[in-house]
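With the hints as constraints, model all of the structure from the sequences given.
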Amino acid sequence: MPPSAATDEFTDGAGDRLVGAALGSALAIETRGLTKVFGAQRAVDGIDLQVPTGSVYGFLGPNGSGKTTTIRMLLGLVSPTDGDHEILGHPMPQELTTALHRVGSLIEGPAFHSHLSGLANLRRLDAADARSDASSSERRVHEALDRVGLKPAANKRFRTYSLGMKQRLAIAAALLAPRDLLVLDEPTNGLDPQGTREVRHLVSTLAAEGITVLISSHLLGEIQQICSHVGVMRAGQLVAQGSIEELRATQTAQLVVHTPDPRLAAEVLTRVGVAAVRYEDEVVTGEPGAEPPERISAALADAGIRLRRFAIDRPSLEDLYVSLTGEGFEVRS
Amino acid sequence: MTTTRSSPLVPRSDTSRGARKVGRFFLSELGLIMGRRRNQAGLLVLAAMPVILGVAVRLTESNPRGDGPPSFVDDIVGNGVFLAFAALTFELTLFFPLAIAMVSGDAIAGEAHSGTLRYLLTVPAGRTRVLIVKYLGIVAGSFIAALTVTVVSALVGILLFGTGPLTTLSGDQISLGTGLWRLLISALYVAVGLCALGALGLFVSTLTEQPIAATVAVMIVTATMWVLDAIPQIAWLHPWLLVHHWTDFAELMRNPPDFSGIGDGLLVAVGYAVVCLLAAWARFDGKDITS
Numbered sequence: 001m002p003p004s005a006a007t008d009e010f011t012d013g014a015g016d017r018l019v020g021a022a023l024g025s026a027l028a029i030e031t032r033g034l035t036k037v038f039g040a041q042r043a044v045d046g047i048d049l050q051v052p053t054g055s056v057y058g059f060l061g062p063n064g065s066g067k068t069t070t071i072r073m074l075l076g077l078v079s080p081t082d083g084d085h086e087i088l089g090h091p092m093p094q095e096l097t098t099a100l101h102r103v104g105s106l107i108e109g110p111a112f113h114s115h116l117s118g119l120a121n122l123r124r125l126d127a128a129d130a131r132s133d134a135s136s137s138e139r140r141v142h143e144a145l146d147r148v149g150l151k152p153a154a155n156k157r158f159r160t161y162s163l164g165m166k167q168r169l170a171i172a173a174a175l176l177a178p179r180d181l182l183v184l185d186e187p188t189n190g191l192d193p194q195g196t197r198e199v200r201h202l203v204s205t206l207a208a209e210g211i212t213v214l215i216s217s218h219l220l221g222e223i224q225q226i227c228s229h230v231g232v233m234r235a236g237q238l239v240a241q242g243s244i245e246e247l248r249a250t251q252t253a254q255l256v257v258h259t260p261d262p263r264l265a266a267e268v269l270t271r272v273g274v275a276a277v278r279y280e281d282e283v284v285t286g287e288p289g290a291e292p293p294e295r296i297s298a299a300l301a302d303a304g305i306r307l308r309r310f311a312i313d314r315p316s317l318e319d320l321y322v323s324l325t326g327e328g329f330e331v332r333s
Numbered sequence: 001m002t003t004t005r006s007s008p009l010v011p012r013s014d015t016s017r018g019a020r021k022v023g024r025f026f027l028s029e030l031g032l033i034m035g036r037r038r039n040q041a042g043l044l045v046l047a048a049m050p051v052i053l054g055v056a057v058r059l060t061e062s063n064p065r066g067d068g069p070p071s072f073v074d075d076i077v078g079n080g081v082f083l084a085f086a087a088l089t090f091e092l093t094l095f096f097p098l099a100i101a102m103v104s105g106d107a108i109a110g111e112a113h114s115g116t117l118r119y120l121l122t123v124p125a126g127r128t129r130v131l132i133v134k135y136l137g138i139v140a141g142s143f144i145a146a147l148t149v150t151v152v153s154a155l156v157g158i159l160l161f162g163t164g165p166l167t168t169l170s171g172d173q174i175s176l177g178t179g180l181w182r183l184l185i186s187a188l189y190v191a192v193g194l195c196a197l198g199a200l201g202l203f204v205s206t207l208t209e210q211p212i213a214a215t216v217a218v219m220i221v222t223a224t225m226w227v228l229d230a231i232p233q234i235a236w237l238h239p240w241l242l243v244h245h246w247t248d249f250a251e252l253m254r255n256p257p258d259f260s261g262i263g264d265g266l267l268v269a270v271g272y273a274v275v276c277l278l279a280a281w282a283r284f285d286g287k288d289i290t291s
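Going down the list, the protein sequences come from chains W and Z. Residue 1 is where the first sequence starts when you use UniProt numbering, and the numbers rise one by one after that. Residue 1 is where the second sequence starts when you use UniProt numbering, and the numbers rise one by one after that.
Take these hints with a grain of salt, some might be off.
Unchecked claim - Straight-line C-alpha distance at most 30 Å; calculated BS3-like pairs for lysine-lysine:
{"#": "1", "chain 1": "Z", "residue 1": "Lys21", "chain 2": "Z", "residue 2": "Lys287"}
{"#": "2", "chain 1": "W", "residue 1": "Lys156", "chain 2": "Z", "residue 2": "Lys287"}
{"#": "3", "chain 1": "W", "residue 1": "Lys151", "chain 2": "W", "residue 2": "Lys166"}
{"#": "4", "chain 1": "W", "residue 1": "Lys166", "chain 2": "Z", "residue 2": "Lys287"}
{"#": "5", "chain 1": "Z", "residue 1": "Lys21", "chain 2": "W", "residue 2": "Lys151"}
Source of the hints: derived by calculation from the structure; they are not laboratory data.
Dropping the structure here:
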């Protein structure tokens with residue numbers, strides 16, 4: 001077994017799982033021009049998704065921006081109108097079975113047979129998996145239930161579960177077999193703050209074990225703290241993508257100075273290297289760039305400029321997200 | 001990033017495949033079908049029909065002879081085993097098709113309706129494999145339905161009317177053993193006919209996300225075929241109707257038994273099944289699953 005630095009090393013010696021590792025790119029998911037047209041609507045419009053192996057990728061966008069359609073295409077439920085994609089290095093849909101075998105997924109909320117218990121539902125899903133090992137089935141089912149804390153409710157019918165328990169059962173189903181990639185579509189949808197925290201904690205634990213996670217949400221705040229990478233969808237297009245640091249770097253900090261001596265302050269600021277300096281009334285603004293704030297404030301003090309307020313405003317990711325996706329309730333026609 | 005374990009749970013072996021793999025999925029499917037309350041109730045209704053029929057005949061021993069094709073009702077009093085032949089004949093007009101329409105209509109549309117289809121397919125269960133297992137479930141349901149009715153009605157008939165050598169439609173007698181043997185063949189023949197209808201139901205089930213719609217559609221097709229089969233002016237069409245040969249197992253109760261009817265019936269059934277299964281596969285294989 002050749003060791004691979006880019007992708008996970010597999011311990012079970014299964015031939016086809018090694019192929020992915022050997023050919024493996026550093027991307028767990030890669031799409032090129034992925035497009036889906038429903039009638040006249042371009043639900044997903046030529047997106048190039050790049051989910052690095054080992055990342056927790058926050059897939060963001062307002063409701064109806066094409067996230068779920070994209071996820072359905074990734075998992076082979078919906079055929080793309082155009083473009084192609086690879087999952088764990090496997091071209092889809094040609095190697096769908098091999099690829100999906102290593103992918104756990106939660107798509108648009110949990111769905112199970114309501115008259116069966118959580119335990120019976122997981123047994124059924126495991127039986128449906130052509131590659132799952134019957135002899136370890138019971139153990140894996142119970143381990144998955146245990147993992148999401150559903151063991152006490154294992155024998156209760158699915159219809160009696162609370163929304164949080166249903167969500168957790170869906171995550172248990174995604175963990176029935178060893179996975180290299182988890183695709184979680186809105187796993188926190190409809191959960192109370194406590195449930196949201198539990199899901200977040202579970203996802204971080206899984207990610208710490210080396211599983212790549214694609215997690216979608218329409219709320220940045222819910223997943224921001226666990227994501228290493230973010231992609232933002234708007235009206236079917238991927239309008240931003242990159243690591244959290246990269247996205248932060250695209251945002252320019254804003255220096256704001258309130259002073260009764262605006263003209264003088266503007267001159268000083270320009271001199272110390274602050275860009276795009278403007279002033280209006282008693283407010284001076286500019287882009288400090290890499291200039292440390294303490295040097296700027298020292299320069300102002302040296303020039304004898306009286307200050308009422310000196311601040312460097314760094315826009316949050318939330319601001320970026322809102323600026324990218326727009327606020328409010330626009331519905332795409 | 002390098003880890004020696006790629007996953008939180010145990011590694012699994014990929015060594016065992018093939019028929020056994022369909023086997024476990026199939027057993028799960030069978031459990032799902034038999035575990036449904038509505039299917040259990042349906043089977044009870046199917047089994048109750050011969051009981052009602054037997055009691056009705058028992059209460060009205062006067063037994064007037066009617067004209068028309070053999071319905072075996074007249075023969076029940078003479079030998080309880082005929083209750084089974086009568087029950088199969090009666091249930092074929094409505095109750096058997098309804099039961100199969102229910103199970104087959106639910107096959108894909110039911111999973112789509114509850115959203116479980118998307119999870120089956122991302123397991124991944126494989127689209128063709130899902131269809132195969134779903135159809136095997138329908139086939140099992142057909143045989144369970146036909147054999148349950150046959151066994152219950154034979155037992156009830158024997159209990160109510162006693163048994164012994166059977167008088168055939170040709171007038172002479174055959175032994176009870178021979179009669180039961182022909183009854184078993186009749187039951188299996190009925191089941192095969194239902195399997196063909198189930199293939200149609202499976203196809204319709206891939207077209208919709210509403211299981212009720214699929215069930216109703218299958219019933220409409222069945223009823224239409226029965227109506228067409230009753231119009232003498234279009235007799236040329238009759239041999240091509242799935243239901244036309246369904247009751248031909250009656251010819252087995254002649255002496256010697258006439259197999260030509262059920263031979264044609266089997267050919268038509270296989271024809272319908274193959275066409276419908278191919279259509280179901282063609283439809284389901286490339287279908288966008290948006291439920």
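Evaluated hints:
Distance restraint check for Lys21 (chain Z) and Lys287 (chain Z): the Cα-Cα separation of roughly 24 Å lies within the 30 Å cut-off, and the hinted pair is therefore satisfied. Restraint check for Lys156 (chain W) and Lys287 (chain Z): the C-alpha separation of about 34 Å exceeds 30 Å, so the hint is violated. Distance check on the hinted pair: Lys151 (chain W) and Lys166 (chain W) sit about 13 Å apart at the alpha-carbon level, within 30 Å; holds. Only pairs whose Cα atoms come within 30 Å are accepted, and Lys166 (chain W) paired with Lys287 (chain Z) is accepted, the gap being roughly 27 Å.
With a C-alpha separation of about 27 Å, the suggested pair Lys21 (chain Z) and Lys151 (chain W) falls inside the 30 Å cut-off, and the hint holds.
Of the numbered hints listed earlier, the single one contradicted by the structure is hint 2.
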